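Could you use the hints to bring the two separately framed chains together as a complex?
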Amino acid sequence: MQIFERKVQTKSSFFYLRVSLEFAPEDPLQRECLTDVYFKQAIDNSVRQLFGDVGMASISVDILKYNQDELSAILRVPSSGFSKLWCALTLMSSYSKKRCVFRVHQVSPYLMALSVNSREFVHSQ
Amino acid sequence: MYCLSSKTRIDVGQTVAVVPPGIMILSVDKDVYNQLGLTGSESVFSSKQKKKYTVQINMTDKSFTPGKKNYDRVQWCFKDRLELRFDFLFTWIPDDDSIHSASVAKYFKDAGYSVSLCKLHKSVKTHKNLIMPTFCDLDILENAEKILEWFGAVACDIDVQQGTSDGYVSTFEAPDPAAISTHFSHVRWQGLITPHCISVLIDKLRLLVKAGGLPWAGITVHGFADSPISWARNEHGYQTAGENFYTYIIFPDDSYLLFMAVGSQDVCP
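Protein chains in written order, with my numbering: chain A, 1 to 125; chain B, 1 to 269.
Just so you know, the hints here were simulated from the structure itself, not pulled from any lab data. Worth double-checking, as some hints may not be accurate.
Quick list of in silico lysine-lysine cross-link-like pairs, DSS-like style, CA-CA up to 30 Å [claimed, not checked]:
| hint | chain 1 | residue 1 | chain 2 | residue 2 |
| --- | --- | --- | --- | --- |
| 1 | B | Lys-128 | A | Lys-40 |
| 2 | A | Lys-84 | B | Lys-48 |
| 3 | B | Lys-119 | B | Lys-106 |
Computed from a predicted model, the values in this text were never measured in an experiment.
Excised from the complex, chain B in its bound form (with noise of 0.2 Å):
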């Protein structure tokens, strides 16, 4: 199951996470981690002047059942010192597949909350005649910097064609050497994707693009900005911004080019 605070950030108030295996985590400031009585740690991102601490709760502990003393602290602490609402962003896959994954909306309607089912946003652009780099004339260490420009303009929705053809507006080209591709497609989603989703997409993708015959496939997957947490449950922040995405490139031969781009308050991945 995962969910995440809806409306909340990270680098202002309280955020709440829940991951698999049933570890929720939660990102508190100086005041709330004090009223809330639970045993967390400073972030690492914390300073003198914000003070920011990190409360992890294991929920599928042995000692974490109704009647115990860990799961009645932890819900005392919750209802009773402090009561912290939030609205959550929230998925499950269930283990067993004759169970409907929508099952667990109808639980949580059951008990009182409101829900609403919110779907994926989907785009798709297609681009004739988009000017593009050749990966195997290039030297892809050396310019992986202005390769992963290229897939952010190609995001952004610029206009790569336009390169140096008007110097004073903007002097942006696309890296050399580069060809012309007569069909290329960019497809969206937004939304609250699981890792399970985007794995299935990326199998896809590589069958696509062995059977396609087409000469790479990438996939870029932005993680929430104010996520509490980002690769290999490392902690996360937001100063300026709050990025941390990847892009994976796939090609035909089984090799494939992986950018993971984190800001100036995560840990490098």
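Okay, chain A solo, but in the shape it has when bound (with noise of 0.2 Å):
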């Protein structure tokens, strides 16, 4: 006999976004200033610009994966501090008086989702 057990699970602990920063191409940023402790700064810094220091220190980001060629990189954030942390980095302005955006890519609930972006593959030979 087949036994199976099935788990429905409608709320996930974590959210995942794919993001990136981009300079001014007039004012850029060195990218060797600029490694992962350093991103992870920028990332608070636009939290705690937008929530203070309690939003801060409530919302607990992780950087998985940090490209620092590209200045990007995989987030991790509690699902309830998702919304406040995607208002906060669209809202960043500026990092170390530099003019930057930050650009979200990719969102979901599953790590495994971020792994391919069928609207940007390109189909071809």
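Now the structure itself:
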């Protein structure tokens, strides 16, 4: 007799975001300066600007993967802080007195979903 | 035959798909639906601000042949009422083995359409000393979310070994208990892949796990984010994301784990 168990989960503990940081072309930041620690600091600063120190302390953001050449990263945030983080990233306008913007490319409650993007994939030979 | 409109977005604009056994599914907005004049139904994900409609046409129906009312009306709606134009991705598996699947491309080319061959993109990565969960010691249902997250980390090429070495940047860890795999392979194919192809691959993985002495093998299949349908031909939408995928893990004793993931605009499979 075959037995199986099924569990349905309707809420995810975490949300994942694929983001990149772009600086104004006329005022770029040296990429060698922006390590993963400083990138995290940029994210924390954006949350602090909008929600204050208490807000920043209540949202725990993990940088799961960081590409220093492209200034892109995969972030993980608890579901409760997802909207606040996305708002904060959207409204951030400068880092180290240089104009910049966070681009949010993909969001999902599953990390697996960020491994592919059928909208960006180019079918070719 | 499988077709999907290329570079269309299900949340803005129109999307078309063709699935066996010859069902054409259109997802259109209110204006196009009214102009098109075909009978359909309101989408389950339709809202007051954004009305969406779904139209299904059975192209293998007896009444859908040239000269019959059904066929002539559908053709008139597409050609004369509204000029809808799409680029399509398509693939065909002939019933007869003596027919080459590329003959469908010749058919469309002879009909005057521009056709180009697309190939699957393949990438292979091998990892040494990768921290991975030990399924036999884990409560699978309790840790299902963490297990799926670990598979996601491998697929995204995230360095699972870092763990909590730098607690400020990341606190990500593999599910506990974990073991170290000395040789781990990750192969990826991207493109339009048929269910038949996936079924053959799963059979091969099953044989490999049994004969090759592997502790397990896994396969993740992602549906297109802008497909109008998902599992069991249920409607699929795109809100903040259009994820619809499954991860299937095979063990040597013929037991398996199946994770099915859908987005906010999907019907639970």
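To see whether the hints hold, each was checked on the structure:
no., hint, in the structure
1, B:Lys-128 with A:Lys-40, "holds, 28 Å"
2, A:Lys-84 with B:Lys-48, "holds, 27 Å"
3, B:Lys-119 with B:Lys-106, "holds, 17 Å"
Hint compliance for this structure: every hint is met.
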